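Heads up: the protein sequence lines correspond to chains H and D, in order.
The opening residue of the first sequence carries number 1 in the numbering used here; numbering runs sequentially from there.
The opening residue of the second sequence carries number 1 in the numbering used here; numbering runs sequentially from there.
The set of hints was computed from the structure by calculation and includes no laboratory data.
None of the values given here were measured: they were computed from a predicted structure.
Ideal Cβ placement from N, Cα and C applies to all residues, glycine included.
Careful, some of the hints might be misleading.
[As the list claims (entries may be wrong)] Some chain D residues judged to face chain H by a derived CB distance under 8 Å, without partners named: (1) Val84; (2) Asp86; (3) Asn137.
There are 2 protein chains.
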Amino acid sequence: MTGREGGADIGPIGENSPVVILVRPQLAENVGTTARAMANGGLFHLRLVAPRDGWPQSRAWYASSGAHRILDAATVHDTVDDAVADLHRVMATCPRPRHIVKTVMTPRGAAAELRARAAQGLRTGILFGPERAGLDNEDMARADTLVRYPLNPDFMSLNLAQAVLVMAYEWWMAEDTTAPRVLMTNETRVATKGELENFLSHLTRELDACGFLRNEQKRPGMVRNLRHLFQRGDVTEQELRTMHGVITELARGRKSGQTPG
Amino acid sequence: MTGREGGADIGPIGENSPVVILVRPQLAENVGTTARAMANGGLFHLRLVAPRDGWPQSRAWYASSGAHRILDAATVHDTVDDAVADLHRVMATCPRPRHIVKTVMTPRGAAAELRARAAQGLRTGILFGPERAGLDNEDMARADTLVRYPLNPDFMSLNLAQAVLVMAYEWWMAEDTTAPRVLMTNETRVATKGELENFLSHLTRELDACGFLRNEQKRPGMVRNLRHLFQRGDVTEQELRTMHGVITELARGRKSGQTPG
């Protein structure tokens with residue numbers, strides 16, 4: 001029923017990674033897509049508080065894109081109090097401002113704190129509310145801090161799995177060491193794609209004329225490799241004009257050399 | 001058919017915000033959920049290259065949660081070249097390593113670069129491939145840099161709208177100034193040290209009266225520990241007034257109970 005036989009390897013389970021707690025989720029599909037989003041960011045512990053349609057539901061497994069291990073291990077709880085009883089720190093996602101006095105964090109700030117707590121050996125959890133209503137006041141009173149997503153204030157509508165994905169992504173990024181690789185900018189103007197295409201057409205035309213691309217099988221790959229070369233760095237409009245001149249002069253030299261008279 | 005009459009106000013359209021280019025998208029629903037994810041992060045310009053099922057498709061509008069303005073303004077192109085011709089910089093999302101020489105960036109690094117390019121007055125775009133196959137080699141040869149998401153390497157499966165959401169989120173976060181951690185106090189305010197001292201004096205006085213602090217040797221440490229507890233978070237002026245009331249009422253009950261007459 002739950003499709004336990006299938007599922008993907010989702011990698012090692014991080015020690016003290018935060019528990020995702022879905023409070024009164026309505027659609028089983030959303031529990032499945034939540035599991036998928038959790039797997040993306042290396043979260044593995046899922047708890048459900050009073051899921052509307054009961055549990056388990058095979059639709060969750062179908063919607064999880066193979067994140068079965070998470071669903072197989074999910075636990076069901078009657079109340080938020082029960083779901084958080086063994087945790088040391090609890091956060092609650094909250095899209096709207098409420099009339100309460102509470103610490104509010106960004107997902108990025110929250111992820112840094114969750115990593116710090118995990119390093120201390122503390123167990124943490126994040127509450128996500130039901131699809132429409134969100135968490136109620138009693139739910140939020142169970143949390144130490146709120147997490148509010150600083151997104152477009154004119155369009156905050158995030159579905160459940162997307163809200164989970166943002167937190168899972170930030171959890172992963174909080175310890176990710178991949179270099180961002182920012183490129184340096186030049187003083188001159190970067191060429192447009194139209195200008196680049198114009199140059200590549202000129203070069204290909206001349207290479208066809210001189211026979212450089214006569215191998216029909218290799219031709220597409222060779223042209224593509226030249227395209228890669230000229231796309232690698234920031235080619236400027238000035239450099240392209242220079243290269244037009246280079247190609248023209250090379251071709252003219254060859255042509256005049258060919259005329260034996 | 002396209003539901004133009006409905007739709008939400010999605011806020012102002014950012015100048016030079018990146019164009020999202022869906023290359024050969026298969027399901028119209030995914031175009032709709034992509035528009036929703038774009039609106040979340042303040043992206044507004046959508047282009048479709050050879051959408052499999054044609055365009056427009058009402059299913060996209062239904063799936064967009066009100067991001068109609070984006071879909072209404074979307075343009076359709078026969079080729080990637082046509083879709084990027086007026087852009088100065090193009091990035092391509094690519095989950096898998098390819099055998100090409102190309103700059104690879106994280107979504108965060110890419111978002112920072114896109115912001116920088118926009119500030120220079122340059123027009124940018126981000127290519128997203130079809131749901132299953134992803135971008136092909138010819139598509140990627142049209143991009144200046146690749147964007148690879150540093151997610152769980154054992155579970156990279158992201159759907160189209162989720163991939164767009166991560167980029168839109170990073171685009172938004174790249175200029176967001178929200179403090180990572182802030183106390184939301186609403187109408188009240190954080191208590192001053194004088195107000196805290198006043199409360200601690202009240203508490204200590206009552207604890208002396210009831211004999212809780214009768215051990216003279218332990219008394220300083222016990223008072224200090226209570227001070228640490230109330231100093232740990234930001235206590236508000238409103239909360240201190242409530243606690244004054246709590247102490248007074250608890251003490252009064254004890255006193256009246258003690259008077260046997």
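Hints, verified against the model:
1. Val84: Holds, about 5 Å.
2. Asp86: holds, 7 Å
3. Asn137: holds, 7 Å
Checked against the numbered hints above, the structure violates none of them.
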